[in-house]
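Produce the complete structure using the sequences and hints provided.
Here the protein sequences come in this chain order: A and B.
Numbered by our numbering, the letters in the first sequence go through residues 1 to 275 in order.
Numbered by our numbering, the letters in the second sequence go through residues 1 to 224 in order.
Read the hints as simulated data drawn from the structure, not as lab findings.
Just so you know, these numbers come straight off a predicted model, no measurement behind them.
Please note: incorrect hints may appear among the correct ones.
Here are the in silico distance ranges between beta carbons for each label pair [said to hold, decoys possible]:
#1 B/19 / A/253: 20 to 30 Å
#2 B/171 / A/180: 34 to 44 Å
#3 B/90 / A/252: 29 to 39 Å
#4 B/62 / A/242: 51 to 61 Å
#5 B/123 / A/240: 53 to 63 Å
#6 A/184 / B/184: 45 to 55 Å
#7 A/141 / B/158: 55 to 65 Å
#8 B/114 / A/85: 24 to 34 Å
#9 A/23 / B/41: 36 to 46 Å
#10 A/85 / B/115: 45 to 55 Å
#11 B/115 / A/118: 41 to 51 Å
#12 A/85 / B/162: 24 to 34 Å
#13 A/268 / B/40: 28 to 38 Å
#14 B/122 / A/242: 53 to 63 Å
Some chain A residues near chain B, calculated using beta-carbon distances under 8 Å [unchecked claim]:
#15 7
#16 18
#17 96
Virtual Cβ for every residue (Gly too), placed ideally from N, Cα, C.
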Amino acid sequence: MTRAVAAVAAWEYRLAARARWVLAMGVAFALLAAAVTVLALGTVRGLGSTGIGPAGAALVNLGVLLPSLMGLLLGAGSFAGERDHGVLTMLLAQPVRPSRVVVGAFLGLAGSLWTTLAIGYGAALVLLSAVARAEDVPALAALVGATFAVAASGVAVGAAVAAWSGGRLQALAISTALWILLALGFDLALAALAPSVHLGPGGLLVGVLLNPLEAGRVLALLGTDLQGTALGPFGAYLLARFGAGGAVALLAADLVAWVVGPLALASRALARRDL
Amino acid sequence: MPDAYLEVRGLTKLYRSGRGLHGIDLALPRGAIVALQGPNGSGKSTLLRCLAGLATYRGEIRLAGRRLDRSPASRARIGFLPQAPAFPAEATVGEVLGLFARLRGAEPDGGLPPGFLPPADERIGALSEGQRHRVGLAVALLGDPDLLLLDEPLANLDEEGRRTVRDVLRARCDRGATAIVSSPSPTELGAVADVLVRLDGGRVVGREAFPADDPDPDALGVPR
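Rendered as structure tokens:
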């Protein structure tokens, strides 16, 4: 990591950690995670099962949906805000490549979001520790890892949206619309298309890879259930085609691509546009 | 005409509105303080942004014979103060100067005299416009750049602050830097300016040595 990347990352981390709305989102995530865990633990007790069981699965949707929205808004709001207010102009007037500023800002913003999410998950993990067994640890690690990856892709996509958009409000509006599309519209479109165009499991996999939220959800579910039963026939296809390790690696690589690609687009936009 | 330190040839920057810069040519000597004067919309800020590598343009800019572009190597030679320097309201003065000093590999005071800058622990959001301007000026001066591009550096400063800025500019330029300073008034820079360049409608409409004892008037290509 270069000096410039580290300096910008530390700067963005500090600023994001002081932002009240980031704190508010962190509190909301912590409360929701705790509430979902309490409800799911009630189900675990009612079923008489052991371990975290459905409590982990219940956290998957929360861990994919809310952090991705937080990441998108944080990335778009911070980048576009800094450009609108002229802070980005001051940064890019220094002897540093736009890509370094983008990567540094991404690391700082993602780091602050990861800290917020870790605190939020902390509340849930304290509750889960009463019933968790040693064999539940990998599932929880997969859940937290998938959440962090989806949040990071949200920050990166938000930054790219901000770099190409006309202003902060436009960037936030586009990011929110994009999240609605990825969280709801994409699934609906796939469900509608799959039977009519005979999409098949290969087509569904492409659909999953094209949506970081879906890739994160499948990754977290695979982590909680390495037999893939929670994913139904699609899970069986994934495991038969790639094996458990291969499927996890494929989805993780996809999420990394969802970070690297948008950051490259953001860097390109900043290198070319007038400030 | 002797080789100029800063050469601008055919610099053109057009906006959709039709405004912008129309083929600016300039040749300025090393060590000069250049007052850039013109009415609002004459292209002063656009020219400074093009020189700073913050805007795309047609034409060529050379500093000491080396082409200036948008690369980090070019930007390392330039200190830029925008008309309204902006920093996040939540950051402190010390954090701002620390960040930009790290990016430049420089000491974080910009070489300004003690007392000129607000306290390091003061939040940017609590500063007056004039104090924010002082922080912006310190950022522009970090790392002893060869070319200082300052957009209205005397705005919002009291007389003592203006005197300090003039003294710092003179000292920097006596050590070899060249400064281009936009100003709404031709007399604002007082006796420290060596050259006056007038812009109007995106064109250079006048240049003169200002005052009479500029460092190297022949290099300016302007009559004495």
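- Query: Is the gap between the beta carbons of residue 62 of chain B and residue 242 of chain A within 51 to 61 Å?
  - Reply: 57 Å, holds
- Query: Quick one: are residue 23 of chain A and residue 41 of chain B within 36 to 46 Å, going by C-beta?
  - Reply: 43 Å, holds
- Item | Distance restraint hint 34 to 44 Å, applied to the beta-carbon atoms of residue 171 of chain B and residue 180 of chain A | Since the Cβ atoms of residue 171 of chain B and residue 180 of chain A sit about 58 Å apart, the hinted range of 34 to 44 Å is violated.
- Task: Could you see if the CB distance from residue 268 of chain A to residue 40 of chain B stays within 28 to 38 Å?
- Result: For residue 40 of chain B against residue 268 of chain A, whose Cβ atoms are near 33 Å apart, the range 28 to 38 Å holds.
- Task: Report holds or violated for the interface hint on residue 18 of chain A, using the least CB-CB distance to chain B and a cut-off of 8 Å.
- Result: 5 Å, holds
- Is the distance from the Cβ of residue 85 of chain A to the Cβ of residue 162 of chain B consistent with 24 to 34 Å? Holds - the Cβ-Cβ distance for residue 85 of chain A and residue 162 of chain B, about 26 Å, lies within 24 to 34 Å.
- Return the status of the interface hint for residue 96 of chain A: holds when the least beta-carbon distance to chain B is below 8 Å, violated otherwise. 5 Å, holds
- Item | Proposed interface contact between residue 7 of chain A and chain B, which counts if any beta carbon pair is under 8 Å | 4 Å, holds
- Does the hinted range 41 to 51 Å hold for residue 115 of chain B and residue 118 of chain A at CB? 43 Å, holds
- Message: Just to be sure I understand the hint, the distance between the Cβ atoms of residue 114 of chain B and residue 85 of chain A should be within 24 to 34 Å; is that true here?
- Response: Roughly 29 Å apart at Cβ, these two residues keep to the hinted range, so it holds.
- Message: If I claimed the Cβ atoms of residue 90 of chain B and residue 252 of chain A lie 29 to 39 Å apart, would that claim hold in this structure?
- Response: At roughly 34 Å between Cβ atoms, residue 252 of chain A and residue 90 of chain B fall inside 29 to 39 Å, so the hint holds.
- Cβ-Cβ distance between residue 122 of chain B and residue 242 of chain A: within 53 to 63 Å? This hint holds: roughly 56 Å between Cβ atoms.
The structure fails hints 1, 2, 10 (numbered hints given earlier, in ascending order).
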